[in-house]
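S.K.: The residues making up each chain are set out below.
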Amino acid sequence: MPGERSTDGGHSLAGVEHVPGVAKPDPVLVVEKMRRAFGGLVAVDVDHLEVQRGVITALIGPNGAGKTTFFNLLTGFDRPDTGSVVFNGRDVERLKSHGRAREGMVRTFQLTKALTKLSVLENMKLGAGGQTGEHFLQSLFPFLWKSQEDAIEERARELLRRFRLDHMADEFSGTLSGGQRKLLEMARALMASPAVVMLDEPVAGVNPALTQSLLEHVRRLPGEGVTVIFVEHDMDVVWDISDWVVVMAEGAVIAEGYPESIGKNQAVIDAYLGSDHDGDELDEGSAR
Amino acid sequence: MTFAAIDWGFIVIQTVETSLGLEAAVYALAAVGLNIHFGYAGLLNFGQVGFVAMGAYGMGLSVTLWNLNPWLAVLVGMGFATLFALILGVPTLRLRGDYLAIVTIAAAEIIRLLARSTTLGDITRGAEGLHAFIGPFRELNPFDPGSEYGIGPFMVGGNQFFAIMLGWGVTAMALLVVWQLMRSPWGRVVKAIREDEDAARALGKNAYWYKLQALILGGVIGGMAGMVQAVGKATIQPDSFVPAYTFFFWTVLILGGVGRIWSPVIGSIIFWAMLTFFQGTLIAMVNEGLIPTGLMDPTQVNQIRFMLVGVGLALLMVFRPQGIFGSREEMMLDAR
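Going line by line, the protein sequences match chains A and B. Be aware that the first sequence starts at 1, since it is given in this note's numbering, and climbs by one per residue. Be aware that the second sequence starts at 1, since it is given in this note's numbering, and climbs by one per residue.
Be careful, since some hints might not be right.
[Unchecked claim] Covered by chain B, according to a simulated footprint, are these stretches of chain A (three or more residues, beta-carbon under 8 Å): (1) 139 to 149; (2) 169 to 175; (3) 208 to 220.
[As the list claims (entries may be wrong)] In silico EDC-like links for lysine to aspartate or glutamate, alpha-carbon gap of 16 Å or less: (4) K117/A <-> E195/B; (5) K117/A <-> D196/B; (6) K117/A <-> E329/B; (7) K96/A <-> E197/B; (8) K96/A <-> D198/B; (9) K233/B <-> E128/B.
Calculated directly from the structure, the hints in this document are not laboratory data. In this text, a Cβ means the ideal position worked out from N, Cα and C, and glycines have one as well.
Produce the entire structure from the sequences given, and follow the hints as far as they go.
M.R.: Below you can see the structure in the form of structure tokens.
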């Protein structure tokens, strides 16, 4: 059995069948017939997928399964050949990446994008949406945005304290370590008050101690009304924090289910290890 | 045949006069625009002289062609620069940064060649350029063209003094605008886009729109440089907008330090001080026989002084790569 679950604990998913493309009681994200090919290679071909609101969903799959491409398609960083994304009941197909972010779908990147020549605090303040001072003309008149800026700064400092980065607030973010950059990127995403955060390998290259604190932050998000979708290769992390697991292979969703049951799924074992393997590695994880 | 025979006083006065003169102001202003493009927004613009030309021609044609008053003419000049920014930016700013660089260098040459073409001869007066626009601007001059203005040995005529004051005045205003913008959330977004466009987009910022705004703003300031130059020289000639000028603006910016408020001003002053000082000294040395005429004659001095500026720039890159105002710590972040 997994260790601690998120606040929701996956209870809202009780009774949902463990089959690919299954309908969820309260989906925040619905993907329909999404396909993306690069020349002859079909990177993503997802028939139907629903993501439950308020839980932590892990997206796993072997290398080259199309997870990151799928992320790019969901967030508007890439365009699908066909298919649609419905987010919070709204078809976001025509929105570009920044438009989807404003709707509340905020992502992080596999290769961390700390804005190195901005201070850590500036990085955080950038995350806040709807800033008056970000308009050209208004920006010339500080009295129009000063109070909003102060409120944003206060929220930024509070989040930095929570992520234990407050002592670095005034440093260039380029001086942070790799793990601290991951923390900063996640905290910055939260500044945007997202409905869904999409984390692309949130703990890749992060040392074990920092990984634990990072996961602690992720685990708390559903309780704050934030849905989490994350791509991860580290199976321990997947079993540790996810409420629901979606498995991709060769661009398609091949399995869905609770983390403890997914390791026993024959299609998943085949995808990861080839069909003639007995699946030791996955069983090991689920037996923890 | 000694160094003592050189009139150092004259050379120093000339150097100071030029480095605070009209051209220095024009270069500073054009570099302020370039600083917005490259220093803050990370846009590679290799055609800043095109914006300068658009500003000058927009203003000049408003008077010669449409008889507008000087203030409206300035607005039209800004409009021309904006139009140029839109033509360059709309198709390229969605693409990778190098595309803008390619397009700008070509487009600036197109502007110059169009202006000097016979096809547009009735409008732009070809290589001869525009002169008739200056009247209404001279009327705005509060100084007496017949008297000399200045301090001590640094004296210039009234028209020239007006142009210099105008140039540095507009530069001061441009610096004020840049300073305010770059400490605002708008500046934060622009700098974030310079660092990583995708990160900004993932946080809901319309990177394309901000880059276009930055291109327009820097271009309009470049256009102002063209207008100041036109008023100061009382002429707008296509061949004063050759591509080399763009790279002088870049030299000015890099000398001062990219992405700092004051660097275009200090960079321009140093650039012109070096040019004038080298010119005066070399000519005097040739005249005094300190440099044999077989090695260098006075007509070659003009080229050689640019070589020396080049050497100066190369030395700066070795010993102080961040420029005069830049921060080494900040620059080293790129190397991590």
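S.K.: Of the numbered hints stated previously, which ones are contradicted by the structure, given in increasing order?
M.R.: Hint check: 3 fails alone, others pass.
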